[in-house]
Amino acid sequence: MNLLLAQAPAEVSTKPLLVLAIYLGLLLALALFSGRLFRGTSKDYFVASHSIGPFMLLMSVFGTTMTAFALVGSTGKAFQQGVGTYGLMASSSGLVHAACFFLIGIRVWAIAKREGYVTQIQFFRGRFESNGLGYLLFPILVLLVIPYLLIGVIGSYRVIGPLSKGMYPELFAATDGSIPSWIIGIVICGVVLTYIFAGGSRAAAWANTFQTLVFMAMGVLAFYLLSDKLGGLGAAIAQANPQHLVRTPSELEIVGQAGTSIREVGFPYITFFTYMFIPLSVGMFPHLFQHWLTAKSAKSFKLTVIAHPICIAIVWVPCVLIGLWATGVFNATPSEAWPAAAVGIMKGLPDSSVGAVLSLTLRFLVENPIIVGLVTAGILAAIMSSLDSQFLCLGTIFTNDVVLHKVGRDRFTDKQIVLIARGFVVAVVLLTYGLSLYLEKQQNVFDLAIWSFSGFSALTSLVIGALYWKGATKAGAYACVLAVAVSWLYFFLKSGGHEYTVAGVMPVAICFVVGAVSLIVVSLFTKKPSDETIRKFFP
Amino acid sequence: MKRSTIIIALFVILAVLHQDCWNWANSNLVFGFMPVGLAYHAAYSLVAATFWALVIKFAWPANLEAWADEIPDSD
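Chains as they are written, first to last, in my numbering: chain S, 1 to 539; chain A, 1 to 75.
Result set (BS3-like, lysine-lysine): computed pairs, CA atoms no more than 27 Å apart in a straight line:
(1) K536(S) x K470(S)
(2) K15(S) x K229(S)
(3) K57(A) x K299(S)
(4) K2(A) x K536(S)
(5) K2(A) x K57(A)
(6) K296(S) x K57(A)
(7) K441(S) x K165(S)
(8) K415(S) x K296(S)
(9) K2(A) x K299(S)
(10) K2(A) x K470(S)
(11) K470(S) x K527(S)
(12) K299(S) x K536(S)
(13) K165(S) x K15(S)
(14) K406(S) x K536(S)
(15) K528(S) x K470(S)
Pairwise CB distance ranges (calculated):
(16) Q442(S) x V16(A): 36 to 46 Å
(17) T526(S) x A53(A): 34 to 44 Å
(18) K2(A) x Y224(S): 46 to 56 Å
(19) R39(S) x G32(A): 52 to 62 Å
(20) V521(S) x A9(A): 19 to 29 Å
(21) Q442(S) x Q19(A): 32 to 42 Å
The hints are simulated quantities; they were obtained by calculation from the structure and are not laboratory data. Just so you know, even glycine gets a beta-carbon here, dropped at the ideal spot from N, CA and C.
Produce the complete structure using the sequences and hints provided.
Next comes the structure, spelled out in structure tokens:
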């Protein structure tokens, strides 16, 4: 494939942006319609009055767990590391996520329904009879969610910015005609804020259902169009780089304008094995906890548990294949013909944005601006379906675990509580917007995702202990949280915030074991919870 | 043997099967377009879904559901 023949036309079409505008308009209309179903109570705002049925629960849980990484990261990682990407991140998630939904989600839902909990911290405060544990967990959970939020917002800058390059050369001369990030941020954060403000959890569930359907459909559409352009499925894979079709680590030579570089493709066994700890993060995501509580009944979880691995396959298999095909598409020799971004990604630079591969491949092979707009809408859908839940969750945590816990729930009417929550959601959105603009140029923000996931995964031993071991004590819980925090911080500082392994072992595996052992050992020698607490938490 | 023991054993077997070290260097294509390393794990996703369907059928926590429903929902 001669890429020089596939350059973008001189006059850049604004049609992709029109498609995005239509998508955002539809999303807003649907979410605002769902806001009309809002019952005006705090319970409805926080957990949709436990009214979400099986299909919407599946879509909202799946949409929330699959960030933008599902579409663009999977393609980029396969382009960078090869076929093992699916086993590394997707099939393990199918098994482990479903385990978390079945073993943690349903039980947490039942307890929270009986006790009226709407946040994770309320649950842990109750189970371990400790206000202090809540104050310890609060900053940890918030600090782990913030990078996750930033990834979404900055991700939208990196998707829409290059997409709009050259569209408005006079209006935005400083950015080569691209829409500046501050405008993209206002639009994306503004749309999400509007529907979260209006309808809380219920609006998030409706919006997530729409967004999930959009990004699943757009992934399949991109797959179909690209395979067609490459001459069919067999021809597409035949031109891929053979080193990317196996998982055996091997050295790949990249010849670029800046000289030759060599890097490793594939995955060591031990990294592949210990990566299985990463999907445990869903057991401790506070925003997912809140989604679980929206379920109408325990039965609502059935579809989520069974269909989640299948939904993962529907999204990830096509995207990983596109990433493999792209290794052939961008395999022109000399590689000066490659787009600079593709060279950076193939070199495996830590600051490369692997998320660009899907868009790059589409723009080179499918020149139809409507299609490019549709697939970009799919990527935005994946980003926004996680953002809304995270914004709402942080607003809920600040309202319930700080204000209401400190001042007392009885001091406020239900309407005032909703107002406080909305105020916090606005504050969180503004803070995220400001931080995203400040950190936009910090390339390693995306590397923080794996650290955010690792922190949540390591803390999952706490929720498993809380739910399944009557002997788990308050002191054990403190020990677990502190041990995870210290071990996580140690590895994080050592890594400089980038991806890091200890002799091939993912740090998350070590942090998880350290946390679990601390919980068990300290609990064995400290005061057991009261009988009343045991009755409340163990049916 | 208790159901929970069987489920835990099956889960461990699935976790072991996830490692598929025998496929690591296999570059053959399944159906002429899917590398073995991907086809195996795509099939694994379906097996995982089937496993959880069986767990729900044979080990659904009905007591937990009844316990949660003892307290009526209210706004």
